[in-house]
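From just these sequences and the hints, can you work out the full model?
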Amino acid sequence: MTHGYNFAYLDEQTKRMIRRALLKAVAIPGHQIPFGGREMPLPYGWGTGGIQLTAAVLGASDVLKVIDQGADDTTNAVSIRRFFARTAGVATTTVTTQATVIQTRHRIPETPLRDGQIMVYQVPLPEPLAKLEPSRAEAARMHALAEYGLMQVKLYEDVTRYGHVSISYDYPVLANHRYLMSPSPIPAFDNPKLHMSPALQLFGAGREKRLYALPPWTEVRSLDFDDHPFRATRAPQVCGLCGAADSYLDEVVIDDRGSRLFVCSDTDYCAGRQEAGHGG
Amino acid sequence: MADDTLLAARGLSRRFGAVQALDNVDAELWPGEVLAIVGESGSGKTTLLDVLSGRLRPDRGVAWYRDPAGALHDVHAMPEPMLRALHRSDWGFVRQNPRDALRLGVTAGGNVGERLMAQGARHYGRIRDTAQDWLERVEIDASRMDDLPRTFSGGMLQRLQIARTLVTHPRLVFMDEPTGGLDVSVQARLLDLIRTLVANLHIAVVLVTHDLSVARLLAHRIMVMQRGCVVESGLTDQVLDDPHHPYTQLLVSSVLQA
Amino acid sequence: MAYVAVKGGERAIDNAHAWLAEARRGAAAVPELGVEQIAAQLGRAVERVMAEGSLYDRELAALAIKQAQGDLIEAAFLLRAYRTTLPRFAASLPVDTGSMRPLRRISAIFKDLPGGQVLGPTTDYTHRLLDFALLAEARPPAAPEAAASDAATPRVHDILGAEGLIEADAPGSAEPFDLTRAPLGFPAGRDARLQALARGDEGFLLALGYATQRGYGNTHPFVGEIRMGEVAVEIEPPELGFAIEIGDLALTECQMVTQFAGSKTEPPQFTRGYGLAFGQSERKAMAMALVDRSLRAEELGEDATAPSQNVEFVLSHCDNIEATGFVEHLKLPHYVDFQSELETVRRMRGERGA
Numbered sequence: 001m002t003h004g005y006n007f008a009y010l011d012e013q014t015k016r017m018i019r020r021a022l023l024k025a026v027a028i029p030g031h032q033i034p035f036g037g038r039e040m041p042l043p044y045g046w047g048t049g050g051i052q053l054t055a056a057v058l059g060a061s062d063v064l065k066v067i068d069q070g071a072d073d074t075t076n077a078v079s080i081r082r083f084f085a086r087t088a089g090v091a092t093t094t095v096t097t098q099a100t101v102i103q104t105r106h107r108i109p110e111t112p113l114r115d116g117q118i119m120v121y122q123v124p125l126p127e128p129l130a131k132l133e134p135s136r137a138e139a140a141r142m143h144a145l146a147e148y149g150l151m152q153v154k155l156y157e158d159v160t161r162y163g164h165v166s167i168s169y170d171y172p173v174l175a176n177h178r179y180l181m182s183p184s185p186i187p188a189f190d191n192p193k194l195h196m197s198p199a200l201q202l203f204g205a206g207r208e209k210r211l212y213a214l215p216p217w218t219e220v221r222s223l224d225f226d227d228h229p230f231r232a233t234r235a236p237q238v239c240g241l242c243g244a245a246d247s248y249l250d251e252v253v254i255d256d257r258g259s260r261l262f263v264c265s266d267t268d269y270c271a272g273r274q275e276a277g278h279g280g
Numbered sequence: 001m002a003d004d005t006l007l008a009a010r011g012l013s014r015r016f017g018a019v020q021a022l023d024n025v026d027a028e029l030w031p032g033e034v035l036a037i038v039g040e041s042g043s044g045k046t047t048l049l050d051v052l053s054g055r056l057r058p059d060r061g062v063a064w065y066r067d068p069a070g071a072l073h074d075v076h077a078m079p080e081p082m083l084r085a086l087h088r089s090d091w092g093f094v095r096q097n098p099r100d101a102l103r104l105g106v107t108a109g110g111n112v113g114e115r116l117m118a119q120g121a122r123h124y125g126r127i128r129d130t131a132q133d134w135l136e137r138v139e140i141d142a143s144r145m146d147d148l149p150r151t152f153s154g155g156m157l158q159r160l161q162i163a164r165t166l167v168t169h170p171r172l173v174f175m176d177e178p179t180g181g182l183d184v185s186v187q188a189r190l191l192d193l194i195r196t197l198v199a200n201l202h203i204a205v206v207l208v209t210h211d212l213s214v215a216r217l218l219a220h221r222i223m224v225m226q227r228g229c230v231v232e233s234g235l236t237d238q239v240l241d242d243p244h245h246p247y248t249q250l251l252v253s254s255v256l257q258a
Numbered sequence: 001m002a003y004v005a006v007k008g009g010e011r012a013i014d015n016a017h018a019w020l021a022e023a024r025r026g027a028a029a030v031p032e033l034g035v036e037q038i039a040a041q042l043g044r045a046v047e048r049v050m051a052e053g054s055l056y057d058r059e060l061a062a063l064a065i066k067q068a069q070g071d072l073i074e075a076a077f078l079l080r081a082y083r084t085t086l087p088r089f090a091a092s093l094p095v096d097t098g099s100m101r102p103l104r105r106i107s108a109i110f111k112d113l114p115g116g117q118v119l120g121p122t123t124d125y126t127h128r129l130l131d132f133a134l135l136a137e138a139r140p141p142a143a144p145e146a147a148a149s150d151a152a153t154p155r156v157h158d159i160l161g162a163e164g165l166i167e168a169d170a171p172g173s174a175e176p177f178d179l180t181r182a183p184l185g186f187p188a189g190r191d192a193r194l195q196a197l198a199r200g201d202e203g204f205l206l207a208l209g210y211a212t213q214r215g216y217g218n219t220h221p222f223v224g225e226i227r228m229g230e231v232a233v234e235i236e237p238p239e240l241g242f243a244i245e246i247g248d249l250a251l252t253e254c255q256m257v258t259q260f261a262g263s264k265t266e267p268p269q270f271t272r273g274y275g276l277a278f279g280q281s282e283r284k285a286m287a288m289a290l291v292d293r294s295l296r297a298e299e300l301g302e303d304a305t306a307p308s309q310n311v312e313f314v315l316s317h318c319d320n321i322e323a324t325g326f327v328e329h330l331k332l333p334h335y336v337d338f339q340s341e342l343e344t345v346r347r348m349r350g351e352r353g354a
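Chains as they are written, first to last, in the numbering used here: chain G, 1 to 280; chain A, 1 to 258; chain H, 1 to 354.
Note that these hints are calculated values from the structure, not bench results.
None of the values given here were measured: they were computed from a predicted structure.
A few of these clues could be false.
[Said to hold, decoys possible] Pair ranges (Cβ atoms, derived): (1) H:G262 <-> A:A199: 50 to 60 Å; (2) H:D158 <-> A:Q119: 55 to 65 Å; (3) H:G262 <-> A:G181: 28 to 38 Å; (4) G:A85 <-> H:Y216: 45 to 55 Å; (5) A:G181 <-> H:D124: 51 to 61 Å; (6) G:H278 <-> A:D141: 53 to 63 Å; (7) A:H245 <-> H:P267: 47 to 57 Å; (8) G:K24 <-> H:A40: 42 to 52 Å; (9) H:P87 <-> G:L125: 23 to 33 Å; (10) H:P87 <-> A:R122: 51 to 61 Å; (11) A:D211 <-> G:P134: 32 to 42 Å.
[To be verified] Covered stretches of chain G, as calculated for chain H (at least 3 residues, CB under 8 Å): (12) 20–28; (13) 62–71.
[What the hints assert, rightly or not] Footprint (simulated), chain G over chain H, 3 or more residues, beta carbon under 8 Å: (14) 9–23; (15) 76–83; (16) 180–186; (17) 312–321; (18) 333–342.
Ideal Cβ positions, reconstructed from N, Cα and C, are used throughout, including at glycine.
In structure tokens, the structure reads:
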């Protein structure tokens, strides 16, 4: 553990400030709470929001898992896991079921989460209306009045133009029937996992200094039309390593003739299946 | 106000710096009635429209709106969510420049469907059917439904704005020079369309115009404004055929000369 | 063929860091740069890093520049990340720039004025010819010295203000907004705006300020005064009840005298734009003053049409640490999202072909 810094890097007062904001966020699912985000020793965009939230909720007995793109061994996941191993000295794991806190960028693990686990999402743009309404002041007003017709118009235009909604990640959801929310840039495939999750889900946007949350067992609906219902899609292949047909797949180019291999993006899930004797 | 009045105002005043834009104005509107507010530019007619529709707060005076259940609401005391909801459903606003009201990057069908979706419509097929029906009602070919408004002519844009406004069957529509800026032949067709739609759907309209011929064609009643005051009001034909106030006489005679 | 997932991120990171340290040091035959040298001889860089890093500490700024291999945004980031770990003891009283004994003080709107025009150590009138003498170590001849004047140098703003010709200072709040502790919200007060501009990117503000001069949000500016020198920083601990001096800061202050405003009831008065930066940072202070004034468009009843007049646009994008983070984060892996886009495009192409 690195000396000279407080447990999990942030000072206790800052952590308290973040936890107070988190309590608000849990009380109003999907509603963005401004917080006095600090400069972290990692750059904005690398997960400073998620890191601050993790730091605020982490305790000495926690077991931390960090994934980026579903993998524990991507460089940024490695870097963040080391950061907490150094500053908090907590145990770390790559096994989803063993973790008490999971910080993630762009994926939700395939293994179902359980009661008592905390998911921390790294969020680049917390404002789901940003692409339609760049002014944050006006977007805040639209949230306050629940004026989300414009987002539905965007879906209407997609269906009209492409035959279905063309959003494939960061697919907007309605939390607890009230607030329009960005699920962070997870693939739409993962959206159903947000719904009625037994885990506490926290979302941190460091650069934008906003956080929001989904308490356990919150209803989360992906926006759609009754006659064009939301569909979670994945590559139609099975995993080349573990044979899974239900997991989200990465597409790897394996030679200069453009041959492709599809493998699980969730490395822990894939390894677990391979150990259990499944093969590609 | 009478039991069936839709909109009523008493003593509305509003000042902009040294200019008295509205001076103690009363107004009344019944369901299905078209009321024209006429006057030269600077007479206060657009200010009156903005105050009546809740977009602008008066310095003094009050305006009431009667909702479908019969309850009266002070337009300027209404909480903002309620006023905005009203503007999306029971009320409509037709601007002089349709480009200010339409989303030019959204298809014609999407523009018409927006108010439905804002009210919670979630069936794509039905939204489209309704949008198509409305495009036909305003004489826009259904084949243009998936086109962007930027490819439309000025007259089509204005008709699209009307379809977008009327799709939720509002009871009250505010119109600000709806035919201004259009060619005379296009104007005539649009006026005819507005008159038919408003009559068939029994919509009450507050119409601001500087053009007395527009007022004569559409309005049941007329209010003549000068320097923030209503100088004359009454049935349209009466006022225009037999103007009493010198200012009204001047307006009518200048039209005749033109 | 067999496929093995890429592992070893940890070792790759360690190796990258080792290589970086070696590259930073450069050729071992060249003497290592000392932090004192940077602090003393690269003053403008140090001051820019202090401003954008929002921490006044020449030594740490010099260290950050050394560590960042001269990348000033990276250096400002290092300083910020350090600054955020420091406790906040107090908010200082407003510094009194009027009582500054300026090393440099110029006004473009008066030929002469009390306290005089003082050029100071400026590059303004140097001819930009490379000085090859600097290739070798050379000690410059001593600059001539004169006895310091005791004459007061009142602020030009106060001189104009005595006649009511320029808008007065707005009453300050007892405890100003603190951008380093609280998130920026909109509408943003002038205190929040000035803080964001003061640590905003010099290049961004320069470009925006320049744009106002070329017609995108013109403010009709005159340099009322630029002054540079040291001021005392005072705090008033509640347990003492009186102010005590805790140190000195070198500052550059720019007061722009801009477009007058008035109405039938109020006599016309010049308006102001304000810029303040650590050290000798004239370009920054001037650009900041232009943008500050431009951001007041709405308050002063002007049409806000240019980017420099849009408070949300300017404040949300002037911080180069935030900006560089979000731009550069695009190089992090995004293959999960890209995969979902690939599948969507493939599906749509398939449907079209079917």
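Now the hints, each set against the structure:
no. : hint                          : in the structure
1   : H:G262 <-> A:A199: 50 to 60 Å : holds, 52 Å
2   : H:D158 <-> A:Q119: 55 to 65 Å : holds, 59 Å
3   : H:G262 <-> A:G181: 28 to 38 Å : holds, 35 Å
4   : G:A85 <-> H:Y216: 45 to 55 Å  : holds, 50 Å
5   : A:G181 <-> H:D124: 51 to 61 Å : holds, 54 Å
6   : G:H278 <-> A:D141: 53 to 63 Å : holds, 58 Å
7   : A:H245 <-> H:P267: 47 to 57 Å : violated, 40 Å
8   : G:K24 <-> H:A40: 42 to 52 Å   : holds, 49 Å
9   : H:P87 <-> G:L125: 23 to 33 Å  : holds, 32 Å
10  : H:P87 <-> A:R122: 51 to 61 Å  : holds, 52 Å
11  : A:D211 <-> G:P134: 32 to 42 Å : holds, 38 Å
12  : 20–28                         : violated (count 0)
13  : 62–71                         : holds (count 4)
14  : 9–23                          : holds (count 4)
15  : 76–83                         : holds (count 4)
16  : 180–186                       : holds (count 6)
17  : 312–321                       : holds (count 3)
18  : 333–342                       : holds (count 9)
Figure legend: structure checked against the earlier numbered hints; hints not met, in rising order: 7, 12.
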